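Colleague: As they're listed, the protein sequences go chains Z and L.
The first sequence begins at 0 in numbering that gives the first Met the number 0 and counts up by one.
The second sequence begins at 0 in numbering that gives the first Met the number 0 and counts up by one.
Note that these hints are calculated values from the structure, not bench results.
Hints are supplied without guarantee of correctness; some may be wrong.
[As the list claims (entries may be wrong)] Computed cross-link-like contacts, BS3-like style, restricted to lysine-lysine with a CA-CA straight-line distance of at most 30 Å: (1) K94/L to K207/Z; (2) K103/L to K287/Z; (3) K32/L to K94/L; (4) K299/Z to K2/L; (5) K258/Z to K11/Z; (6) K11/Z to K287/Z; (7) K177/Z to K62/L; (8) K2/L to K7/Z; (9) K32/L to K99/L; (10) K99/L to K2/L; (11) K100/L to K291/Z; (12) K32/L to K11/Z; (13) K2/L to K291/Z; (14) K16/Z to K13/L; (15) K2/L to K22/Z; (16) K11/Z to K13/L; (17) K302/Z to K258/Z.
Here the structure is a predicted model, which is why all the values come from computation and not from measurement.
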Amino acid sequence: MTTLLVAKQYIKIFISKYEVYLKPLMKLILALASLMMINGKIGYMHRIDSVSLVLILSLMCSFMPMNFIIFVAAAFTVLHLYALSLECAAIALVIFLVMFLLYFRFSPRDTLVVLLTPMCFLLKIPYAIPLTMGLLGTPASAVSVGCGVMVSYLINYVADSAPALSGMDADDMATKFKFIIDGLLNNKQMMITIAAFAVTIILVYIIKRMSVNYAWTIAIIAGAVVDVMVLLIGDLMFDINVSIGGIIVGTIFSVLIAKVVEFFAFHVDYNRTEKVQFEDDEYYYYVKAVPKITVAAPSKTVKRINTSKKKYSGGQSKR
Amino acid sequence: MTKLASYEMHEGKKHIAVMNYFRGDYIGFQVLKSVIAATISFFALFGIYAFYNFEELMQDIYKMDLLEYGKSIVILYLCAVGAYGVISYVLFSSKYNRAKKSLKHYYSNLRNLASMYDNE
Chain Z
0 MTTLLVAKQY IKIFISKYEV YLKPLMKLIL ALASLMMING KIGYMHRIDS VSLVLILSLM
60 CSFMPMNFII FVAAAFTVLH LYALSLECAA IALVIFLVMF LLYFRFSPRD TLVVLLTPMC
120 FLLKIPYAIP LTMGLLGTPA SAVSVGCGVM VSYLINYVAD SAPALSGMDA DDMATKFKFI
180 IDGLLNNKQM MITIAAFAVT IILVYIIKRM SVNYAWTIAI IAGAVVDVMV LLIGDLMFDI
240 NVSIGGIIVG TIFSVLIAKV VEFFAFHVDY NRTEKVQFED DEYYYYVKAV PKITVAAPSK
300 TVKRINTSKK KYSGGQSKR
Chain L
0 MTKLASYEMH EGKKHIAVMN YFRGDYIGFQ VLKSVIAATI SFFALFGIYA FYNFEELMQD
60 IYKMDLLEYG KSIVILYLCA VGAYGVISYV LFSSKYNRAK KSLKHYYSNL RNLASMYDNE
C-alpha cells in the first residue's frame, strides 16, 4: 500500500510540475480517440474519414477549451450522418442543439460526459460512467449521462440500420424520419439504461455523502449492484435480450475503475477517526474527523563524494 | 495564501465576471439568453414533430381548424418557454448569490492576509 501511496504522490507531483504540457496532451489524446471511434463506427463521409484530418483537428482541440472537443465530435457525427441520409443528420443536429442550448448552459462542466459515455459503451465498460459520476459529480449529472446514453444509442442505431436507410427511396423523407424516430423512441434498452444509470448516480451520490465509515466503497458496491439489478429487471419486464455475462463483467471492470478514482480522490484512514464535540455561542458541534492518508514522496539527494577536477589541476591523478 | 491564489485563478475569475453586473441586469440577461435558446429548441423540435407526422398533417390540413391548431402551438410554446425561463431565473439567481457570498469570503480573507503582512 505504501508503494501505491508513494506512486500516487509521484503522479501528483509530476502532474503539477508538467500541467502546462499534460493538459494539451490529454486533450489531444481524448480528441484523437473520440474522432477515431466516430470514424470507425459511422465513417460514411470519406472526405473527413482520414487520419490526417483527424490529427489536425485533434491538435487544434489540444489548444482550445475542453468543450471544443465535444463541438468537433458533434460536428463530425452530424457530417457522417449527413453522408448517410439528410434525415439522420437533421435528427442528430436537433438532439445536439437541444442538449447544448437547454441543458449544458447550466452545467458546462458535465459536457465531457456526453463524449465519454459513447466511448465507454464502445469499450464495453459503460457502467463506469454512473459510478464515477456519482462519486465526482452531483445528482444533476444523471441528465448529462442520460444525454450521453442517448447519443450512444443513436449512433449504434444508425450504424445498425444503415443498410435499411440506404435502401429507402431518397424522396420519402417522412418515412425515413418515422423510421429513425420510432427506432429511437421505441428503444426500451436505451430507456432502461438511462433509468438504471440515473438511479445509480443518485444512489452513489447519496451514500458517498454519508458520514459512515467506508462510505465511498459502500457507495460503489451498492451502486454497481443496483445498476445490475435495474438492468436485469428491465430485461425481464421488457424482454430486451441484454447479455447478462457482459453486464456482470463490465460492472466488475467498472467497479475497479471506480476504486481507482476513489484512491485518487478520497483516500482516508478510518482507523484514526476522531470524534470531537465543541460549542460556540450559537451552536453545539458534533464533529467526525477522518484523516487523509498522505505519504511524502522520498526525495533523492545526490551527494558527491569525489571532488571536482579543477582542484587537481596540478597534475595529480584522480585515484 | 495558496488557497486565495488558486481561487483567483479558477473559480474567482468566473465569480468576478458575474459580479461585474448588477443582480437584476445579470439575471435578466441570462433569462433573455434562456428564452432565445428555448425558442430555437422549441422550433427545432416542432420541425421534427411536423416531419414525423407529415402524412397525417397533409391529410388533415383541410379538415382541421388551423386557427385553433396555431393557438394550441402558441400556448404550448409560451408554457415551455415560461417554464424554462422560471427555471433559469431560479438557477441564475442562486448562482449570483453564490458568487457574491464566495467573493465576500475571498475579500475578507484577502484583508486578513494584508493585515498579517502589515504586522510583519
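Colleague: Does each hint fit the structure? Answer for all of them.
Modeller: Verification of the hints:
no., hint, in the structure
1, K94/L to K207/Z, "holds (25 Å)"
2, K103/L to K287/Z, "holds (28 Å)"
3, K32/L to K94/L, "holds (15 Å)"
4, K299/Z to K2/L, "holds (28 Å)"
5, K258/Z to K11/Z, "holds (17 Å)"
6, K11/Z to K287/Z, "holds (27 Å)"
7, K177/Z to K62/L, "holds (23 Å)"
8, K2/L to K7/Z, "holds (22 Å)"
9, K32/L to K99/L, "holds (21 Å)"
10, K99/L to K2/L, "holds (18 Å)"
11, K100/L to K291/Z, "holds (28 Å)"
12, K32/L to K11/Z, "violated (40 Å)"
13, K2/L to K291/Z, "holds (18 Å)"
14, K16/Z to K13/L, "holds (25 Å)"
15, K2/L to K22/Z, "holds (21 Å)"
16, K11/Z to K13/L, "holds (26 Å)"
17, K302/Z to K258/Z, "violated (40 Å)"
Comparing the model with each earlier hint shows violations of hints 12 and 17; every other hint is respected.
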